[in-house]
Amino acid sequence: MSEPFYTLKNEVFANFAYYATISTLKMMAMSLLTSRERFVKNAFANPEDIQLGRDKQAKVTLTDPDVERVRRNHLNDIENIVPFVIIGLLYVSINPSSTTALWHFRTFFFSRIFHTIAYQLPLPQPSRAVGFAIGYATTMSMAIQFLRALFK
Amino acid sequence: MSEPFYTLKNEVFANFAYYATISTLKMMAMSLLTSRERFVKNAFANPEDIQLGRDKQAKVTLTDPDVERVRRNHLNDIENIVPFVIIGLLYVSINPSSTTALWHFRTFFFSRIFHTIAYQLPLPQPSRAVGFAIGYATTMSMAIQFLRALFK
Amino acid sequence: MSEPFYTLKNEVFANFAYYATISTLKMMAMSLLTSRERFVKNAFANPEDIQLGRDKQAKVTLTDPDVERVRRNHLNDIENIVPFVIIGLLYVSINPSSTTALWHFRTFFFSRIFHTIAYQLPLPQPSRAVGFAIGYATTMSMAIQFLRALFK
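Chains as they are written, first to last, in the numbering used here: chain A, 32 to 183; chain B, 32 to 183; chain C, 32 to 183.
There may be inaccurate statements among the hints.
Calculated lysine to aspartate or glutamate pairs in the DMTMM-like style (CA-CA distance at most 20 Å, straight line) [what the hints assert, rightly or not]:
| id | chain 1 | residue 1 | chain 2 | residue 2 |
| --- | --- | --- | --- | --- |
| 1 | C | LYS90 | A | ASP97 |
| 2 | A | LYS90 | B | ASP95 |
| 3 | C | LYS90 | A | GLU99 |
| 4 | C | LYS183 | B | GLU42 |
| 5 | A | LYS183 | C | GLU42 |
| 6 | C | LYS57 | C | ASP97 |
| 7 | A | LYS90 | B | ASP97 |
Anything over 10 Å on all C-beta distances counts as not near chain A; from chain C, calculated [unchecked claim]:
| id | residue |
| --- | --- |
| 8 | PRO96 |
| 9 | GLU99 |
| 10 | TRP134 |
| 11 | PHE141 |
| 12 | ALA160 |
| 13 | PHE182 |
Think of the hints as simulated: they come from the structure by calculation, not from any bench.
Small disclaimer: the values here were computed from a predicted structure and weren't measured.
Glycine residues also receive a C-beta, built at the ideal position from the N, C-alpha and C atoms.
Using the sequences provided together with the hints, build the complete structure.
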C-alpha cells in the first residue's frame, strides 16, 4: 500500500502547487494586459469590438506593434509555463528532495517574471533570451531527472 | 495514512474530470472548425495544402477574416481552458465542498460555450467580453480559494 | 481505502508519464527550431532582437514563410499535445488495460513526430493531415473511454 504523492501533506507537491498556481496566474494576467493595450492603442481584432472603445479613432488591426508584443509574450508564456506545469507535476511522482525541487520551482517562476519585464520594457537583448533560457533549462532539468528515475 | 484525492471515488475529482474533459473536447473542436472554414473560404496556410482543396480558387493566405476569427477563438480557448484545468486540478487537493466546486466547473464550461457562440455568430459586444469575464473570474475564484487554503 | 492511481508503481501511469514527458519535450523543441530559423533567415520579431543576429541583413518581420511554418507547427503541437496530456491524465483514473493504454500513448507520440516531419520537409498532403488525424483520434478515443467509464 503506497502513500499518495499528490496531496498537500507532501511538501514537494504543496510547493509545486503553489508555484504552478502563481505561474498560471501570471500567464492569465497577459490577457488583461492585451485588453488594456487594445484600449490604449484603439487597436481591436474584431469589428464588433470597436463599440467597446467608444472612441472615433478605434479601428480593426492585427498589426499594432504594442498589442502584438503583448500577444507574443502571452504565447511565449503558454509555450513555457504549460510545459513547466506538465513536467513539474510528473516530477513530483519521483519524490525528489524537497530543497532541490523548491529551487527548481522558484527559479522557473522568477525567470518568467524577468522574461516578461525584459519583453515589455523592453530591456536590451540578451536580457529576454537569458530569462527564456533559464526557465527552459529548469524544465529540462526536471524532465531529465524524471526520465532517469523512471529507467533506474 | 491519507486517502488519495485524485480518484473517481472522490466526487469533487469526478466532477472536475468530467468538466475538464468536455472543456478540452470543446477546445479540440476548434481545430475541426478551422479546417472547415479553410475549405469553405479556400484559404489555406501552406502551399502544399492547396491540392487538398481541389478547387482552382484555393489560395495561400494568412489573413482571411473568417479563418482568423476561428483561430483567435481557438487561441482564446487555450488561454483560458488550460489555466482552468491546471487551477481546477490543484483546487481538488484542498478538498472543497462538492456543491461549491461543481458550480465553479459548470459556470466555467457554460461561460466558454457562450463565449464561442458570441465570437462566431458574432453577437454584439459586450456579449463575448461577458462570456470571457465569467470564465476568467471562475478560475480566479478557484485560485484564490486554493492559495488561502495553502496558507491557512 | 483505495490505492492511488497516480504513482509510478501503477504501470499505466508510468507509461503515461513517459509519453507525456517526451511529447512535451518534442513540443518544447519547437522553440529552439523557431530561434534557429530566425537566425538562418535573419527574420526577428522584435527590434531589440536584431543585435542578436549581428548581421547587417537582420530585419524585423512577422511574415517570413519559413519562420511562420515552424511557428504554426509549434501552435499545432500546443493545440494537440496539451489536450493529449489532460485527457491522458484523466484516462489513467479509469484504470484501463495497460496494453490498450500503452498503444494509445505510443500511437499519439509517433503520430506527432510524423506530423512534424510532414510539416517541415514538407511532405505532400495528405501526409500532414493523416498525422494530425491519427493523433486527434487517439485523444478522442481516450476521452470517449473515460466518459463511458464515468457514466457506467
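These are the hints, each one checked on the structure:
1. With a C-alpha separation of about 18 Å, the suggested pairing of C:LYS90 with A:ASP97 holds against the 20 Å cut-off.
2. With a C-alpha separation of about 17 Å, the suggested pairing of A:LYS90 with B:ASP95 holds against the 20 Å cut-off.
3. Proximity of C:LYS90 to A:GLU99 is assessed by CA-CA distance (about 17 Å); at most 20 Å being required, the pair is judged to hold.
4. As the CA atoms of C:LYS183 and B:GLU42 are separated by approximately 15 Å, the hinted pair is consistent with the 20 Å bound.
5. For the hint linking A:LYS183 to C:GLU42, the alpha-carbon distance of about 15 Å falls within 20 Å, and the restraint holds.
6. Restraint check for C:LYS57 and C:ASP97: satisfied, since their Cα atoms lie roughly 19 Å apart, inside the 20 Å limit.
7. For the given pair, A:LYS90 sits about 18 Å from B:ASP97 by alpha-carbon distance, which is consistent with the 20 Å threshold.
8. The beta carbon of C:PRO96 is kept farther than 10 Å from every beta carbon of chain A, the shortest such distance being approximately 17 Å.
9. At the 10 Å boundary, the C-beta of C:GLU99 stays outside the reach of chain A, the nearest C-beta of that chain being 13 Å off.
10. Listed as a non-interface residue, C:TRP134 keeps its Cβ farther than 10 Å from every Cβ of chain A; the least gap is roughly 19 Å.
11. Consistency note on C:PHE141: stated as away from chain A, and its beta-carbon is indeed over 10 Å from all of that chain's, at 18 Å minimum.
12. No Cβ of chain A comes within 10 Å of the Cβ of C:ALA160; the nearest lies about 24 Å off, and the non-interface call holds.
13. For C:PHE182, the condition that its CB be more than 10 Å from all CB atoms of chain A holds, with the nearest at approximately 25 Å.
Hint compliance for this structure: no hint is broken.
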